[in-house]
Each structure stands twice: as C-alpha cells, then as structure tokens.
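Can you build the whole structure from these sequences, using the hints too?
Same order as they appear, the protein sequences are chains A and B.
So the first sequence is residues 0 to 255, counted in numbering that gives the first Met the number 0.
So the second sequence is residues 0 to 263, counted in numbering that gives the first Met the number 0.
One thing to keep in mind: the hints can contain errors.
As the list claims (entries may be wrong) - Here are the simulated PhoX-like pairs of lysine-lysine, each with C-alpha atoms no more than 25 Å apart in a straight line: (1) Lys166/B with Lys222/A; (2) Lys165/B with Lys222/A; (3) Lys107/A with Lys123/A.
Said to hold, decoys possible - From chain A, some residues computed to sit far from chain B (all C-beta separations above 12 Å): (4) Ile40; (5) Pro91; (6) Thr93; (7) Glu95; (8) Ser108; (9) Ile110; (10) Gly117.
As the list claims (entries may be wrong) - If the Cβ cut is set under 8 Å, some of the chain A residues that face chain B in the computed set are: (11) Val27; (12) Leu84; (13) Arg96.
Think of the hints as simulated: they come from the structure by calculation, not from any bench.
Only a predicted model underlies this, so the values are computations on that prediction, with no experimental measurement involved.
Backbone N, C-alpha and C define an ideal beta-carbon position, used for all residues, glycine too.
Listed below, chain by chain, are the residues.
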Amino acid sequence: MSLLYRNNIVMNLISVENLTVNYGANTVLRDVDFKIDLGEIVTIVGPNGSGKTSLLKAIIGAIQPAKGFVKLKPRLKIGYVPQRLNFESTLPITVERFLRLIGKIERKSCILALETAGVPELLKSQMSELSGGQFQRVLLARSLLGDPEILILDEATQGLDQPGSASFYRQLETVRHDTGCAVLMISHDLHVVMSASDRVICLNGHVCCAGTPAVVASTPEYKALFGDGTEGALALYRHEHNHNHDHTTTQQERLD
Amino acid sequence: MLDDFMVRASLAGIGVALAAAPLGCFVVWRRMAYFGEATAHAAMLGVALSLALNISIFLGVLVVAVVMAWIVTQLSGRNYAMDTLLGVFAHSSLAVGLVVVSFLSGIRIDLMAYLFGDILAVSRVDLAIIWSGVVVVIALVYWRWDALLTTTINEELAYASGLNPKKEQLFLSLALGVTIAVAIKVVGVLLIVALLIIPAAAARNFARTPEAMAIGTAVIGSVSALVGLRAAYIFDTPAGPSIVCLALVLFIISSLVGSIRARA
Numbered sequence: 000m001s002l003l004y005r006n007n008i009v010m011n012l013i014s015v016e017n018l019t020v021n022y023g024a025n026t027v028l029r030d031v032d033f034k035i036d037l038g039e040i041v042t043i044v045g046p047n048g049s050g051k052t053s054l055l056k057a058i059i060g061a062i063q064p065a066k067g068f069v070k071l072k073p074r075l076k077i078g079y080v081p082q083r084l085n086f087e088s089t090l091p092i093t094v095e096r097f098l099r100l101i102g103k104i105e106r107k108s109c110i111l112a113l114e115t116a117g118v119p120e121l122l123k124s125q126m127s128e129l130s131g132g133q134f135q136r137v138l139l140a141r142s143l144l145g146d147p148e149i150l151i152l153d154e155a156t157q158g159l160d161q162p163g164s165a166s167f168y169r170q171l172e173t174v175r176h177d178t179g180c181a182v183l184m185i186s187h188d189l190h191v192v193m194s195a196s197d198r199v200i201c202l203n204g205h206v207c208c209a210g211t212p213a214v215v216a217s218t219p220e221y222k223a224l225f226g227d228g229t230e231g232a233l234a235l236y237r238h239e240h241n242h243n244h245d246h247t248t249t250q251q252e253r254l255d
Numbered sequence: 000m001l002d003d004f005m006v007r008a009s010l011a012g013i014g015v016a017l018a019a020a021p022l023g024c025f026v027v028w029r030r031m032a033y034f035g036e037a038t039a040h041a042a043m044l045g046v047a048l049s050l051a052l053n054i055s056i057f058l059g060v061l062v063v064a065v066v067m068a069w070i071v072t073q074l075s076g077r078n079y080a081m082d083t084l085l086g087v088f089a090h091s092s093l094a095v096g097l098v099v100v101s102f103l104s105g106i107r108i109d110l111m112a113y114l115f116g117d118i119l120a121v122s123r124v125d126l127a128i129i130w131s132g133v134v135v136v137i138a139l140v141y142w143r144w145d146a147l148l149t150t151t152i153n154e155e156l157a158y159a160s161g162l163n164p165k166k167e168q169l170f171l172s173l174a175l176g177v178t179i180a181v182a183i184k185v186v187g188v189l190l191i192v193a194l195l196i197i198p199a200a201a202a203r204n205f206a207r208t209p210e211a212m213a214i215g216t217a218v219i220g221s222v223s224a225l226v227g228l229r230a231a232y233i234f235d236t237p238a239g240p241s242i243v244c245l246a247l248v249l250f251i252i253s254s255l256v257g258s259i260r261a262r263a
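Below you can see the structure in the form of structure tokens.
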C-alpha cells in the first residue's frame, strides 16, 4: 500500500480511510485506504465477492461504513455508471428527459453527450425500449453531463460485446483526454485495465496490492488471485505502452 | 355556486383527483400499490384515534398515515422486505382501529362513511381542507420532482447525484399521507387506493414522459370524478363507487386502444 500513498497531494478528489463495511455479520471490506487525485485513471480489480461494488457504493454514500470514513472533495461532481440497472417499464421516459433530470441541462449538451457515447440517434427513444448496449451508453452519456470531476464506473461494459466494449473504452479515453476528469472503475477486462490505467488496486476484502499496472501484475498477491494466465495481458500492456495508445484497434485485433 | 351540493362534490372530486395524480404515478412507477393500500388502512386507526381523543379527523389520519409510512421506510431493507412490513402494519392498524372504535361507547360512528366516503355531504370547510391539501401536495411534488424521479429510476444514481433516497421516500410518504387525510371523507379508505392507481394506470398507455403521464392522470381522474358524479345522480348509484367505476371504464378503453396501437 505504501507505494500508493507516499504522494500525499492535498487535492484528493476522494480519500477513503480505514474503511470497513459490514453486511450483517459479514465484513466485506476491511481497513481499506485509498485516494484518487485529479485526472487519474484508477481501476479496481478483484474476484467476485471481493467488495469492489461495496467500495464504490460506500464512496457515493449508498452504504454506511461500519468504521473509517470516505472524504469527498466539497461539492464533488460525480458521474456514476452503476453495474446493473433494472429499468422499470412502468415509467415512461425518453432518453432526453432522463439525461435532463440531472439539473439545468440544455438539449444541445444532451446531444453532445450522446454523440460522445456513440449513440446520438437515441435522443427521442424510450428508455425502457433500449438494448443492453444502448442502455449502457446512455448511462455513460448521463455520467458525462454536468461537468463531472470524476467518473465512477462499475463494470460499465457488462452487456457489451467485445467490439462494443473496446469502443466504450476508447470513448472513455477520449472523454478523459478532453475533460481531464478522473476515472475510478471496476473492470474484468484485464487487458484494458492493464493498458489504460494509471493505477490498479487489487481488492479482496482488503487492498491486496496497488500501484502501476506493471507493478501490480508482478506481485505474488495478484498472481495468487488471477493466476499466471494474465501474463499475456501484461505482455500486451508492455507492448502497447512501448508503442503508443492506439485505441482505434478493437480488442480482437489486439489479441491477433 | 357553492350552495349546490353537486358543485361542491365536483370540486372535491377534482381536488382529490389532482392531488392523487402525481402520487398515483409514483405508486405505479415504484410498484408500491400496496403502500398506498397500507397507508389507507392505517388511516382507519387515525379515524378511531381522532374520535377517541376528540381531535380533527384530518389531523389524526394525517399523523397516523405519515408515522406508519416513516416506520415502514426506516425498517425496510434490513430483515424484512417492504411488502412484509406493509402487511404487518396495514392489517394491524386496521384491526387496532376497529378495536379502538368498539371502546367508544355512546358515540355512534358511521364506519361506512370512512370506508366508502360521502362525497355528496362535502361542506365548504371540507372543500377548504381538500384544496389546501391539493396545494400542499402539488407544491411538494413539484419541488422534489426531478429528485423523486431520479430516486425512482435508481437509488445509486440518486446517491451519486448527492440525493438521499430515504429522504425523498419520506417526502412521497408525507404527500401520500396528506392526500389520504384530505380524501378520506370524500372517497373513503377503500376507494382512495383505486383513485391513486387506476387513473395512473390508464394514463400509462399514452405517455412518453413522466410529466405527460402525470398530466394525463390528472385529466383522467378529474373526468372520472365529474362524469362519475353525474352518472351517480342520473342512475341513483352510490357516488364514490360510481367515480371508481368510471375510472375503470377509462382504464379499459385506454388498454384496448393501447393494445390496438401496439399491434398496428
């Protein structure tokens, strides 16, 4: 952990200290410390049930910690993309109206956000009639509105096919590049994680290891959790890193 | 104008329809039909306590309805699902209410009036109470509209936007409590739930935005009240149930037209 927190900049967007979260008698997170600064891309990896989603929920305030605390920069603007959203078909609402729920948002900004997310044609569609992929992109568009300082994404590419997920990450990269907002995400796409993150946090009820992708991938803790099978991802990461971040290729092409 | 009992009844019916419209939409959207019913049942306890303590029925019903809504909101999500708690509170408050009523010796209570309402007996004072309630409910819902919608769509999105879904739920419960308190005399406990849900359900087929659905619900509810009263006058049928029957007719028409449009 010490690797990460030596750098104690005052302008932490989010700082989590000693966070412990219980569900009944079960402790899902124990003494978690972590910080995220302006413009950083931090990815949380970890097996199922390792408390990844609970950590994000504690950060947005949806669950109360049993111990420790979450400090947000005052009036931090969060763009949040939840893991799953069961949309009630009982509620009629167009994509435009959904996007404009955030506050004083002009139609122009909505169209722009949908373009960034790659689905400008959906403005007038009903939310309940969207496909899984379209829905995820609309959620991404929503998270971009209102000038967020940080995007928090909980397995945002769930339900997207591989080209879809690759283009999702490309759009994310573009957004980060254009707006400079920080990104905190949970992802299972280890290839992407390794090539696109500034820092990786490996979580399993507590922070197992953390640091740059290369450092994390070489730790025994990471190997214990993900096995040596991910060496390929690391090799790919190094390869990508030595050249440039050419995000126009799809995942499949990269693997080829 | 207010001297005519039909005019007073119509104004009362429209008032209740207007207050119930946005709330009925939320009841449908949030799948809390049973919540409305439980609050309405709790209102019976409110009536009984008001009579026992000799306070205004409006106040008694309001307090009991809101307290029950608050308790259910606080307890839900831990060891009990919402519907279990509602079941506990709905039936027990109704039962306790009826038991309390039985202790009130010497006072004759027309229980039927509170179960089914008596819209034709609405006085000027009742009208003033109803329309004050309408103003409060609509102001409350208008103020919290975007926050309530966000919370309804997804609680985590609401938290991330800096909202507190529990607080929003409480606003909704408060508005529901006020509506039931002002409506109990007009349409009664059993029919208020119908008036909350049926117009909203009928409006669903035609709405593409939440706002359109709320306005459509208000129109359908008001038409049900006006035409239902007129029908009750002509056919000499009970007024409250006639209003609900009219709403049901509109719901059936809406569903038929909706399914024909879906096929076309």
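To see whether the hints hold, each was checked on the structure:
A distance of roughly 45 Å separates the Cα atoms of lysine 166/B and lysine 222/A; the hinted pair therefore is violated under the 25 Å criterion. With a CA separation close to 42 Å, the supplied pair lysine 165/B and lysine 222/A exceeds the 25 Å bound. This hinted pair checks out: lysine 107/A and lysine 123/A have alpha carbons roughly 13 Å apart, not beyond 25 Å. Its beta-carbon lying about 18 Å from the closest one in chain B, isoleucine 40/A satisfies the requirement of being farther than 12 Å from that chain.
Listed as a non-interface residue, proline 91/A fails to keep its Cβ farther than 12 Å from every Cβ of chain B; the least gap is roughly 4 Å. For threonine 93/A, the non-interface assignment is contradicted: its Cβ lies about 6 Å from the closest Cβ of chain B, within the 12 Å cut-off. A Cβ of chain B approaches the Cβ of glutamate 95/A within 12 Å, the least distance being about 9 Å, so the stated non-interface status is violated. With a least CB separation of 16 Å from chain B, serine 108/A remains clear of the 12 Å interface cut-off, as annotated.
For isoleucine 110/A, the non-interface assignment is confirmed: its Cβ lies about 17 Å from the closest Cβ of chain B, beyond the 12 Å cut-off. For glycine 117/A, the condition that its CB be more than 12 Å from all CB atoms of chain B holds, with the nearest at approximately 21 Å. Restraint check, valine 27/A versus chain B: the minimum CB separation of about 16 Å is more than 8 Å; hint violated. Satisfaction of the interface hint for leucine 84/A is found here, the shortest Cβ-Cβ separation to chain B being roughly 5 Å, below the 8 Å cut-off.
Here the hint on arginine 96/A is kept, as its CB sits about 5 Å from the closest CB of chain B, short of 8 Å.
Of the numbered hints stated above, those contradicted by the structure are hints 1, 2, 5, 6, 7, 11, listed in ascending order.
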